[in-house]
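S.K.: Start from the sequences and build out the full structure, keeping to the hints where you can.
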Amino acid sequence: NPSIFLAVGLILCAVMSVATGTSWGTVGTMGVVLMGIGAAMNIPLPIVAGMVVCGATFGDKMSPVSDTTNLASMSAGTNLYRHIYDMLLTT
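Each step along the sequence shown adds one to the number in the numbering used here, with nothing skipped, and position 27 is 27.
Please keep in mind that the hints were generated in silico from the structure rather than gathered at the bench.
Quick reminder that beta carbons are idealized off the backbone N, C-alpha and C, glycines included.
Just so you know, not all the hints are guaranteed correct.
[Said to hold, decoys possible] Have a look at the derived ranges for each label pair, beta carbon to beta carbon:
no.: 1; residue 1: Leu88; residue 2: Leu45; range: 16 to 22 Å
no.: 2; residue 1: Met74; residue 2: Ile11; range: 28 to 34 Å
no.: 3; residue 1: Ala72; residue 2: Ala49; range: 23 to 29 Å
no.: 4; residue 1: Thr29; residue 2: Tyr85; range: 23 to 29 Å
no.: 5; residue 1: Ala76; residue 2: Pro44; range: 17 to 23 Å
M.R.: Right, here's the structure in full:
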């Protein structure tokens with residue numbers, strides 16, 4: 001259904017990115033699939049690309065297995081899960 005495609009796609013990208021810890025992996029896999037589906041639904045591709053990048057980036061920042069999240073929490077000397085919680089409030 002085109003009316004919920006963008007919302008569902010954003011959530012799918014965020015969930016996949018949280019699970020894998022990589023935004024680029026999500027863009028390279030889910031992004032290709034969702035761009036094809038969006039093109040078939042006649043949804044403007046820049047909007048679909050924005051949905052994919054936003055979901056993937058958000059998920060990457062909230063993932064406990066992401067390299068950047070681990071690096072930031074170690075550099076700041078804070079607990080990883082406390083860091084993720086604080087980012088959730090400010091991101």
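S.K.: Take the hints in turn and mark each one as holding or not.
M.R.: We went through each hint and held it up to the structure:
Leu88 and Leu45 have their C-beta atoms about 30 Å apart, which leaves the hinted 16 to 22 Å range violated. At roughly 29 Å, the beta-carbon separation of Met74 and Ile11 lies within the given 28 to 34 Å, and the hint holds. A C-beta distance of roughly 26 Å is found between Ala72 and Ala49, which places it inside the suggested range of 23 to 29 Å. At roughly 28 Å, the beta carbons of Thr29 and Tyr85 sit within the given window of 23 to 29 Å.
Ala76 and Pro44 have their C-beta atoms about 39 Å apart, which leaves the hinted 17 to 23 Å range violated.
Hint violations for this structure: numbers 1, 5, all remaining hints satisfied.
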